[in-house]
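With the hints as your guide, set chains B and D onto chain E.
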Amino acid sequence: MNPGLLKLAVVGSRSAYGRLAGIAGGVAAGVCLLLLLWGGANGLSARDDRGSWLRETGRPSVAASPTEDPTTSGPGTPVPLTTDTVLMEANPVEVFRDQLINRRDVAAFSTTTVKIPGIVTPPEPGRYYASPALQRLIASTPRDELGDRFGTFAGTIDDNALPGPDSLIVVTGATEAELRQNGRAVLVSDFTTNPYGGSTAAYNTVLSIGAIAVFFPVLLLISIVTGLGAAQRRERFATLRLIGASPQVVSRIAAVETAVPSLIGALLGVVLAIALRPAAAQIPVNDTRMFTADLVTGWAAAAAIVALVVSASALVAAHRTARAGIGPLGVTRAVHEKTPTKWRIVPLLAGLAAMTSAIAITCTPHLRSPWLEMPLLIGGFALILVGIVVVGPWLTRLVSGMGLRQARSAAGVIAASRIQRTPVATFRSVSGLVIAVFVVSVFAGASSIIESTEAPPARPGLLQPTSLHATVGAGHTPAQVSSAARQARGLPGIRSATIGYGPAALSTRDASPEIYLRAADAPALGFQDIPATEIVTVDTSFLYSWTTQPRALTPAPAANLDEMVPVVIVLGTDGTPEAIDRARTLLNSSGVTAHPAATSRDTGLQSSTRLIQGLAVLAYLGMFVAVAIAGLSLAVSTAAAILDRKRVLGLMRLMGMPVSVLRRIITLEAAVPLLSVLLLSVGLGFLVAWLMVTGINDSYRMTWPAPDYFTALGLSLLLAIGAVTATFSLIRGTTAMTTTRFE
Amino acid sequence: MNNSLTLLGLLSREPSYGYDLKHSYDRYFGAGKALAFGQVYSTLARMVRDELIRALGEETGGGPDRKKYEITVAGQNRVREWLFTPDVPSESLQSELFAKTVVALLLDDDADRLLDVQRGEHMARMRELTRLKKDADLLRVLMCDHGLFHIEADLRWIDLTSARLTQLKKELQSA
Amino acid sequence: MNANDTVAPILSARGLHHSFGQTEALRGIDLDVHAGEVLAVMGPSGSGKSTLLHCLAGVLVPDGGSVTYRPAGRAPVETSALKEPKRARLRLTDFGFVFQFGQLLPELTAADNVSIPLLLAGTRRPEALRRSRELLERLGLEGLGAKLPGELSGGQAQRVAVARALVTSPAVLFADEPTGSLDSLASENVLTLMLELVREAGTTVVIITHDARTAAYADREVIVRDGAVGASYRVSA
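Chains as they are written, first to last, in my numbering: chain E, 1 to 743; chain B, 1 to 175; chain D, 1 to 237.
Chain E extracted, bound-state conformation (with noise of 0.2 Å):
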């Protein structure tokens, strides 16, 4: 190609130093967009893979004693400990304020082999490693809300064995006595590194299906972007076709055109992010921010995204300009919108039906597996979002037909009249803020499983939320308990101690389905309706945190406390954070209880979603991103839209039409596709949520989404309107009546 042509054609006029900036500076935003997003996902998973040590559920510490009967088991026989074991407890429920620790107790040989990470050698008992995070939090507590459950601190965790910056874990060292007593701890040899357990699978997809919706809308911003100023490019495409340029070389010139700018644009980006990497690492994901090193994406990645943005970008627009059908007289014919059809369906039923079926196969358990899936649930997700797409403008003109029936003002039967006949573009206006409605209904859904997960309330019957419960373990005297009760209603914050009795330790085979209490006690655990016993009892069940049906007191006036051991402790607090930590501390450092204690509340914040928590995160940044997008698009198709009418409004205002008439039309010509396909949006999205959900695991239970979507969804529409009367200042300059001169 001739160098001075394509010289021409890059920078022929002053206006096209506008467009390029336009184009390099939209790649850049995607770009650095995209690397940051893609580090952001890769932080995830390094993240993953480090508190991957902490998935470990090692081997029995107890092996079972062959019996006659097998639905019985005896007492088992102790594993013993070797150099090169380890003996683990993890307590589940380590939890202070409204955060969870990860704790470990272990017990070890001074002469281990086994390497626990991040730490040089198993702590001595009574001694403890913490995270930094953790040691901070300890260091700034008074010690009998948390310092006191850990003991004295023996140095921290290495950042390679924790998942962010942020991440609260101890590793306590305790006497293979203590780890013995409640037969809960294990054998740990060697340390999985698989973060994800047997889900990975599902991990990946969830993954997949993130990075699809995140990308989707940098991927439409590029599109746009290089689509800038198209009208007097084809212009000057047409003048070099006049004098003697082959179709070919157009596209070919189109093409370079917009690679320069692109490239310029992604190595920007890519700048950008590496300059933007320690402040996005500073965005909380689950909790924790992030390690500047994890948003590393490596020199390949970077080099993989310019290279595929830069073709991509030329690559569409050559399309562009081929398919424009540019002749030396310009365009030849306006391309004549086809009327769209029903069949514009088939790709979101498709869409619907793959993720459907990978739900039924997850649900038939000799069909399972993973290869299956996947694929099914990802090219959905994937269909679904083209499908939205190209079912638009159908939906559009459906809406439209029947408001041009309807339509009673100038206004209506205009702006009616010109989505009917041009759908595909008309919708191609709002296609960017209909989608990221989408990705955040689907986002907002998949996390609201999260909020599903709502404290209790207090109600009579059941379990107060401010109150602290453990079991007490077998072999305990009930003047150790009443020991550690007193002790605990000496503590500031804590109102009553209540000592539940039964005629063995909850954990042994005699235990009692019921809990037998002292009347007197019943008013602190939360009850109202006391019978006129000395001594009550209430169901096990009154003490497990999914339990939401009140419970009631059973007189039991036969029983006789004396002759039974203490099974429970339970701890009312003023609810304080300081107060519930207080009790938590002295509980589990008190020796008696069998189990960690717990609130009712403490389930809450094991909830295994972490995965979708921090992708919902990205999702919501890649939504802002989306919408921002989807707003500029909007914007920019809008101005286009009056700009192609530049002449007829003119004459129509000309005629004696008001410009509030023509601000109508624009508005309503943008409203009417938003409208009719963003129900459709906001219901898919909630649909392929459940279906992920669903497919990933089906106890999740979807709920009302948080109020950040609805805040999302807020800022959307303001974006679009805020896109529509940006260009009203267009309507009035290029609708003035002298652009109607015919000189």
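Incorrect hints may have been included.
[To be verified] Quick list of in silico lysine-lysine cross-link-like pairs, DSS-like style, CA-CA up to 25 Å:
| # | chain 1 | residue 1 | chain 2 | residue 2 |
| --- | --- | --- | --- | --- |
| 1 | B | Lys169 | B | Lys33 |
| 2 | E | Lys342 | D | Lys147 |
| 3 | E | Lys646 | E | Lys338 |
| 4 | D | Lys83 | E | Lys646 |
| 5 | E | Lys338 | D | Lys147 |
| 6 | E | Lys115 | D | Lys86 |
| 7 | D | Lys147 | E | Lys646 |
The hints are simulated quantities; they were obtained by calculation from the structure and are not laboratory data.
Relative to chain E, chains B and D alone:
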């Protein structure tokens, strides 16, 4: 084209000899068919008789070609009347209108007005023909159209000429 | 002498001056348009005739001079002193416009295009469509109401434009080169039908044209040269 009025117009610029008059005429209008001397002299004689012009200083022994003529006031009025009386649009009109325009320019008279007056006459005729077309049978419509298009051709010449008057005047006067 | 001379003209312009940047488009034009007459404004390209029409119709406010509109049965208005919303309203209700080309909304059917001015003026849509179809029929376009402008011939589209201009029964119809893009037969057709309707309703018409055959349909013509009125001729009665 009215030769005698054209000659009278040329004479109204300045007194001149018959011989010079013939050559002026030939230069402006005689392309292809020069005026015969006899025709010039007979026309001049007729105009003397009609008192539109008069011979200056009866020079002795002078034949008709040695006589210098001058336009009279009556002659001048006659020229002006001719110039500003529009002709009925017809096929033979063009040369007459052409002559009038040139003469008007040579006389430094209002050629613009002359063209406008003619234009008005043309338009009036066109309106008349357009009116005739209304409710007429097709044959008559075709006849009217024939007239309309011819008049329109004249009108276009008038428009073009009026646009070129300044330039034309310059050229004629420098010649 | 015409009887119109004794009545005050429906539109009168006095001393109109207007410039676009350095270019002086109008330099002191005086013009009267009489009620019920068909006036042709002729002149070479760039003579300022479109600007004159825009000033007369209240599209443009002249830099100097005034335009007075005297509607029948209402007080005279100096349109050149009105604000744009009022002028827009006046254009909508009292004036009609026909242009050379490209004035129909391409996405609207012929009937919808014609009904727009009525809808803008507040007429209900069924009534507006009924009147539109009626007018289209009178212009020889029966059965074409549902067609899009792109499906009509140039002459048909121009007749739709005429229908739209006349649907509000305007007092003055402004036509700017209404037959500029048509062949002789089509323009004759459009002009004949348009003038028939106009004369029947007593509408005043100002036609801008450089085409003598179009101007021949007028009662009177004025010539604009270099932003000034050159000559005015009247049909000899």
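Any hints this thing doesn't respect? Which numbers, in order?
-> Number 6 only.
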